[in-house]
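Undergrad: Here is what each chain is made of, one letter per residue.
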Amino acid sequence: MKRILIVDDSPMIHNLLRKTLERNGYEVCADATNGREGVELFEKHRPDLVFMDITMPVMDGIEAVKTIKAKYPEAKIIMLTAMGDDEIMTQALEAGVEVFLKKPFDDYKIISAIAKVI
Amino acid sequence: MDSRLVTPYIESTVQIIRQMTGIEVTEISEPMPGSGEISAYGVTSVIAFAGTIKGRLLIDFQPELAVHIIKNLMREENPVLRDRLMLGCIAEMNNIIAGDANTLLNNEYGLGLRLAPPMVVTGKNMMLASSKVDSVTVLGRTDYGDFKLNIAFQGGLPS
Amino acid sequence: MMENSTGPAQRLEWPVTMFVEALKDAVATMAGITMESVDESFLTGEATMGGMMVLQGDPSAVLMILADQPSVAAIVTNMTGIDSGELTIEDLRDGLSELVNMVAGTVRGRLAGSGNRFKLSSPLAVTGEHLAVYAKRHVECSLSRFVAGDIWLELKIFYI
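Protein chains in written order, with this note's numbering: chain A, 1 to 118; chain B, 1001 to 1159; chain C, 2001 to 2160.
Note that these hints are calculated values from the structure, not bench results. Watch out, some of these pointers could steer you wrong.
As the list claims (entries may be wrong) - Each pair of labels, with its calculated beta carbon distance range:
1. A:K2 - B:T1026: 57 to 63 Å
2. B:S1035 - C:S2084: 22 to 28 Å
3. C:G2113 - B:I1023: 47 to 53 Å
4. C:E2021 - B:T1103: 36 to 42 Å
5. B:M1032 - C:A2132: 27 to 33 Å
6. B:E1024 - C:A2132: 26 to 32 Å
7. B:S1029 - A:D107: 42 to 48 Å
To be verified - Subject to a maximum C-alpha distance of 16 Å in a straight line, what follows is the list of computed EDC-like cross-link-like pairs (lysine to aspartate or glutamate):
8. B:K1124 - C:E2046
9. A:K102 - C:D2025
10. A:K19 - A:D31
11. B:K1124 - C:E2129
12. A:K109 - C:D2025
13. A:K19 - C:D2083
Each residue gets a CB set at the ideal place from its N, CA and C atoms; glycine is no exception.
Put together the whole structure using the sequences plus the hints.
TA: Below is the structure:
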């Protein structure tokens, strides 16, 4: 079973993603509420995939992606974003993000995004 | 949160309340890391600003203190707190405080912070919650009532 | 009376319909609830919750989504599958903050290629009674209302 780490400061997004992922046969191995915690939990759990929000306190998602990718270039990361503008997407792509999942999303979009990455 | 980002707002608040209204801040707490939740006194002014980093200053007054501030600013004997003009004063004071602190930060660290126009939220039994930011809360006291400052930033200063 | 603070250039108008569509789309996509637009005169309950963000641009605006707790609970329940009786007030505030964040972010993305660019503040959620918002140079406010059964939402955009 593929293991997924969710990094987002919104409990609602955690619950929503967990519901969809578990229903589709994925295991949520850990939850983080900021980028720094996300990096720590990535090291600990080495998930198959990470869902990473952009705007978070302590350390934002782009910084967290750069940190993870510097040590684990093979890490697979889907970036969650409420903003669809080019500037943010360019920064994220340069950091090493594989796929974007723009909020709002439904089950189909979540599963489609996963299929593009793993 | 980096105290370099917090101290200017505390100092500006104390100075500008004194300069504009003659009201002295008699006590001010140490900054307390915020959970992002603020139990509001009832008259809350919020101003956002952005430059190389983004931030927000929230100043929350007990209604009785807000009344005194408006009285002193506007020379109004009996200000009505839901009056737009009166609340505009509160917003304007936040604007001046944030502007003063931002100028210092801009000059010191080149942050290029620019203010959005402020707004005031009123209500009863209000709770405010911010997500996605680091924040600190400072409690202040005057002879006319108490206030809270909540300073929030996304991003920080280089070490 | 409108204060012209930006000089002779024509001020860009906020695309209210874009915000309306973004809100309806967010609720439909995430919660499976279709909100219908209703007239401003449609009676709703008292708003006891609000989510807001400052859109910092030219002009700047405040985006607010207002509702009562049962409406927000119904939306968040549908989004998360958590029974409304188990939702905490923090869950509701988080849900409303995310909703306003999505609406603002969607519109920002759609406008990115045009001249109407703006920066977003972090979202702020407010709960309480008799909530009201005043802005320093508040001169215009667009109000849109939406319902789906007993669920209602208000979308307000203040020029500030």
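Undergrad: If you check each hint against the structure, which ones fail?
TA: The structure breaks none of the hints.
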